[in-house]
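Assemble chains B, C and D with the ligands onto chain A, guided by the hints.
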Amino acid sequence: MPDAMAKPARAFRIDFKTAGPLVALALLVLLGITLNENFLSYNNLTNVLARSSFIGIIAIGATFVITSGGLDLSVGSMAAVIAGVMIMVMNWLIPSMGIGWGVVLAGMLAGVLLGGVAGTFNGLMITRGRIEAFIVTLGTMGIFRSLVTFLANGGTLSLNFEVADVYRPVYYDGLLGVPYPIIVFALVAIGGEIVMRRTAFGRHCAAIGSNEQVARYSSINVDNVRLLTYILQGTLVAVAVLLYVPRLGSASSTTGVLWELEAIAGVIIGGTTLKGGYGRVWGTVVGVVILGLIGNILNLQSLISPYLNGAFQGVIIILAVLLQRGSRNS
Amino acid sequence: MPDAMAKPARAFRIDFKTAGPLVALALLVLLGITLNENFLSYNNLTNVLARSSFIGIIAIGATFVITSGGLDLSVGSMAAVIAGVMIMVMNWLIPSMGIGWGVVLAGMLAGVLLGGVAGTFNGLMITRGRIEAFIVTLGTMGIFRSLVTFLANGGTLSLNFEVADVYRPVYYDGLLGVPYPIIVFALVAIGGEIVMRRTAFGRHCAAIGSNEQVARYSSINVDNVRLLTYILQGTLVAVAVLLYVPRLGSASSTTGVLWELEAIAGVIIGGTTLKGGYGRVWGTVVGVVILGLIGNILNLQSLISPYLNGAFQGVIIILAVLLQRGSRNS
Amino acid sequence: MSSAEGTPASAILSAHRISKSFGDIPVLFSVDFDVKPGEVHAIIGENGAGKSTLIKILSGIEEPTSGSISLDGQTVVLPPNGAAEALGIVLIHQEQNLAEHLTVADSIFLGRELKIFGFLDVREMRKRARAVMETLHVYVDPDARISTLSVADKQMVEIAKAISRDARVLIMDEPTAVLSVGETETLFEQIRRLTDRGVAVIFISHKLDEIMQLAARVTVLRDGQLIATVGTEALTPDSIAQMMVGRELSNLFPPKIEPDVDAPVVLGVRNLVAKGVKDISFDLRRGEILGFAGLIGSGRTAVAEAVVGLHHLNGGEITLDGKPVNFTRVAQSVDAGLAYMTKDRKGKGLLLNMGLRPNLTLLTLQKHLKAGFLDTASETRALERAVRRFDIRARDASVAVGRLSGGNQQKLMLGKTMESEPDIIIMDEPTRGIDVGTKQQIYHIIAALAAEGKSIIVISSEMQEVIGLAHRVVVMREGRLAGMLEGAEITESEIMRYAAGIKQSEHNERINA
Amino acid sequence: AQDKVTIGVSVPAADHGWTGGVNYFAQQAIERLGTTYPDVEFVFASAPDAPKQIADIEDMVSTRNIDALVILPGDPDAMTSAIKQVKDAGKFVTVVDRQLSIAGVENLYVAGDNPGLGANSAAYFKEALPEGGNVVILRGLPIPIDQQRFDGFMGGIEGTQIKVLDDEFANWNRDDGFKVMQDFLTRFPDIKGVWAQDDDIALGAIEAIKQAGREDEMFIVGGAGMQQILKAVEAGDKLTPIDVSYSPAMIATAIELTTSHFTGGIQVGGRYILDSTVITQDNVGEYLDANSPF
Ligand SMILES: Nc1ncnc2c1ncn2[C@@H]1O[C@H](COP(=O)(O)OP(=O)(O)OP(=O)(O)O)[C@@H](O)[C@H]1O
Ligand SMILES: Nc1ncnc2c1ncn2[C@@H]1O[C@H](COP(=O)(O)OP(=O)(O)OP(=O)(O)O)[C@@H](O)[C@H]1O
Ligand SMILES: [Mg+2]
Ligand SMILES: [Mg+2]
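Chains as they are written, first to last, in this note's numbering: chain A, 688 to 1017; chain B, 688 to 1017; chain C, 69 to 581; chain D, 281 to 574.
To be clear, the hints were calculated from the coordinates, so they are not data collected in a lab.
Possibly wrong hints are sitting among the right ones.
[What the hints assert, rightly or not] The list that follows gives simulated cross-link-like pairs (lysine to aspartate or glutamate, EDC-like), each with its CA atoms no further than 16 Å apart:
1) D:K364 - A:D852
2) D:K490 - B:D852
3) A:K962 - B:E899
4) D:K511 - B:E849
5) A:K962 - C:E168
6) D:K364 - A:E849
Excised from the complex, chain A in its bound form (with noise of 0.2 Å):
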């Protein structure tokens, strides 16, 4: 008796909060589709997934990160460090290399590795030298961007035009017609999702975010977990890099910049909760696709001011996390 009466009104409840951002998604495509008939071409659909690919890996980064409670917010200069290094290394590595992919590659190694070291930074300071997630990365957003800034002078830093061209096709070609950056996307998404659903990790960064002195408890040992959630954050920076660098062929002090906001903002509209505990990756692709194809329908129309595109968008994200709340106060 008692479960038949909740049943229905505790389903209900998860329905919506689970399809939330795919109905916000979904009536985004509706808006697209009746703006334009070009909405749902091919070559549209592959841009706005390929471009939404960066914010989208490191998205998944940070879906860990604020599972396990924490926060970084330092990814978006650390992109910019990272391709501004990677381009460095490639141009010096010219002369001794040739042009060719062995210099792509070195730097792509390159870039993975300071990735990875650049997240260790982050999560040593944190949990070792415990001090709160926001005040480390903060203070390695400016020193990363200050960092790029530097080396490239106050300038851009600029690939090798021959090297660029070897690179380049890392962004614009792809498998059977689809784009590189929208199958390393797929697979992290679905690299991403296992490990939270599916292996111990993803398990305990959820147990970790939700109650520290519990895991802790559980014997599951809190300051490695979460020290290997940031480095997972910068591995997965340097990963979108890879596919950054060839489309730009630069980086400068501008590169990245609110990168970090956007990909919390991603995770946040997929419904992983900020202050940690519960988190899922593939709503988290829903919430950076819904933000690249706000962007996108804004292109798409002529209607709204342009000085208006960031109410719109501002209005656009209130209402897709709107949706999932939706029954809650019944």
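Frame of chain A, contents of chains B, C and D with the ligands only:
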């Protein structure tokens, strides 16, 4: 034996946590003195304090919001839109009211009202709409920013020159040699500290941030208290703007950019917990002054490449908080 | 003075001359303790005596200031943070220790997830979780989130979590504090099953009959000192109580003073429907103590929470002094003189990171305002009163409440509720985790309040408490009133019969008519 | 040539005074030309950063079928290859203000002269401070344009007695201009000239100088021709003797030229460099425009 051993450690820890930001502040002042003999000059100190007053007043509002477990990312954009509207209102009233304090007071009133309304809007969306504060204020951040860009037509809204002359003293003059912004900042700080420590509202904020359920079971009207923190935040943003407008007499889409980050950073450096439950207004004041001094010190020396300003800032912020954590591990 | 007569050779886990101080406050003084395979060794003592601290040391959660631990006769330094589970030492904490966002199955396997090929074997974990829960006769969905469970169900999850581990030494810190007779019985069955397999069990409880029933030996602590370790067969509940408290404990319950027959009904509830409540009606008269009994999850808490305005009413009517009321916020019921004390002191009762003073006055801050500002001196006076009245023992008032012993937290919560000077008090498990000595005091306080003309509802899973205190008893079952007992009808067997659904009552209809 | 022509216009977001002007003048031009030539449709977008701007032009190509693109690239190096793709797709490309990192991509280049802005400012400093003297520099953001202007200025004063005491970034922002100038004034008792590189910064710095009561000791040169500064130049304010033009209206010129490529039947191409002219009290009249928000 155990007593004798334990005692100093404990005294040490408590002192450190409390005094942490003060120690950091003292060290910064020492650094400033060694770098430049004018650092301690009356002019320099009043300059720094007066220009810290905007962020400071906003950060005091943020202390309440954060203590009760919330977050307001929209304060910077809100400041811009309030400044813009104030200027428009004053310019618009000149034909009917003439140049004089009447116009200025009307503008001020409009500003404070708008701040209250904007804060109420944020608060209602969060408490009645049950949307995460992060999302709501990220949304309104975009909305407010767009609004001011739209109102200024992408450019700058400038206050009529004659009215600006009437209004100027509010920033540049003072009482007994203390500039008004510093006086207002001090009054808001003292008021804030009293409200936080000595009123039911302050106690309720901490209770809600500490455990919302307990607060609810203790007959606290959680939603109303939350709502009030956002209204207070909005009003204090408006107060800050009242001091900001007479300084340069203009507002544009760049006004207040990143103020939210600076305000939150000041709050956290001051020792308030980002997840809520504990807040101290005097700490916030110290935190904001630390941030102001960092900028000042950077401008007073030529040793550090300006490219590395951000790195210096980041390092100091981390160190300032590290000082508070000093003996946590022991 | 100590008489730890256990032969160390046969003990699995033993402690030698353990002392512990928190900061400069000593909590344990040179305590010896041991537990043998297949034995249940109980620890008893007043609130704050150091029981929880001792077993935290025995499981590596806390480090002793001095003294040593040996496992299988070998002196060891236990690894911190529950890592001692790997050595077979499993602890159920006094305060519930579950992550609210996780599911039941997640929680049971947290920290030792089952894997296939490196991935979580979710299906197997769910299956086993359901199986363990079934051995405890708890039928919650393994995929239910902890946050949706009742306090008692959470406790059962904790127990399931502990017994599903490969324990050699199972330590339980007041596992039965929120359990009713039925659940306690199931738990004991499981404990006996484990001891038959040679598991050593350390058991802490303030319920002396449980100790008598379960334990072979009892260790008594007082103020951090080891008083004695003795075999249970040589003891009676009275003699244990005397050892604990250091004085004679006669008459745990004060004599019942029946309310006047014509005492007015102060609280009337008619056909109440709310979350977890199907349909219930009852009256509370002035000067009456009304007991609420039932199995866990029978909806007693839900009734109380609906009455005070914590939950939305889906139907029915509530009257206060004859006037219909519909509280939507707790503040309204408190203002009307109706106070509710939750049983979930950690989740809903106390702010663990704050000191005693702000916790005590949180419900009644309005009383401590002077010209609109908080009057700390007045708060301090209130705290001093409450400390005296409820015998709250804390190092100093500034210590975070989360660091108080469980019983002292409970007493503080009692003090907090009483601060509002209510005319009607609903107490949910009022003596949860409180030692017999203080229990007696509290029972006397409750009886005195009733004698003064206050009306009290006592929701309790401790049968003796309901029987010993209440003038009438409401027995609930599945969100409905199963029976209403009065006078001589109030017996354990009668309550059980209604609670288990063996007997149905016409009282419901009678009242409705 | 065609029945219906669509021209995409992409500019950086209005994140400081000058880009605000760019947005304003672009939309003015679009409105004006849109009514003059009903067959020309304009698609306008402004983007806060390079990835967004690339996204904008991708969308213009794939969903709005543009025939021509007028772009003021916020970060030209980052956008070169994306713009090249537009060109490769057969569109007419006009690049404004900022040089792409490879030559020959654009059909038309309409540009201001950043090094010239620095050099012209330097020329005035040389003239105003023949005996030399102490100056401070308030720079913009650490991006290439800033570096070009800075290098132009430093090259211009090379070999003179003019001594640069220090330079700091003021982020093309009034508030930061105010702060940095306040601190320079605290630090240096003797300043003869201030080069602010941008009028927004200059406006902030002027308030700081006035607050310190040192407006008689020094002069300040900004850049870009903001109305508020031009009015002061017109009034003969000693503090702001001149300004150096770097008009955001160049975007309008570019849009007009591109439109006439399609409507006027004339082939437009090549490079149009708009000088960074020194604006003095004598020629300020040409630059004043009461309607400009910039
Ligand atoms: N982490 C801590 N910091 C400071 N004091 C503590 C801490 N933990 C326990 N104490 C103190 O140690 C004493 C013993 O506490 P303990 O929890 O062991 O009591 P207990 O016997 O379990 O009592 P109860 O029956 O109430 O649970 C108490 O005075 C308590 O305040
Ligand atoms: N927050 C909640 N969300 C969902 N269901 C709940 C919630 N709280 C209680 N319930 C359900 O409502 C019913 C009544 O629970 P309640 O805790 O009131 O029972 P109880 O008899 O007071 O329990 P106990 O015997 O432990 O005091 C149970 O089925 C319980 O699972
Ligand atoms: Mg310098
Ligand atoms: Mg205990």
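Does the alpha-carbon distance linking K490 (chain D) and D852 (chain B) stay inside the 16 Å limit? 13 Å, holds
Holds or violated: are the alpha carbons of K364 (chain D) and D852 (chain A) at most 16 Å from each other? 12 Å, holds
Has the given pair, K364 (chain D) with E849 (chain A), been kept, meaning a C-alpha gap of at most 16 Å? 15 Å, holds
Restraint check for K962 (chain A) with E168 (chain C), where alpha carbons must lie at most 16 Å apart: Answer holds: K962 (chain A) to E168 (chain C) is near 13 Å, not above 16 Å.
CA of K511 (chain D) to CA of E849 (chain B), is that 16 Å or under? 15 Å, holds
Taking only the CA atoms, is the gap from K962 (chain A) to E899 (chain B) under or equal to 16 Å? OK: K962 (chain A) and E899 (chain B) at ~13 Å, within 16 Å.
Hint compliance for this structure: every hint is met.
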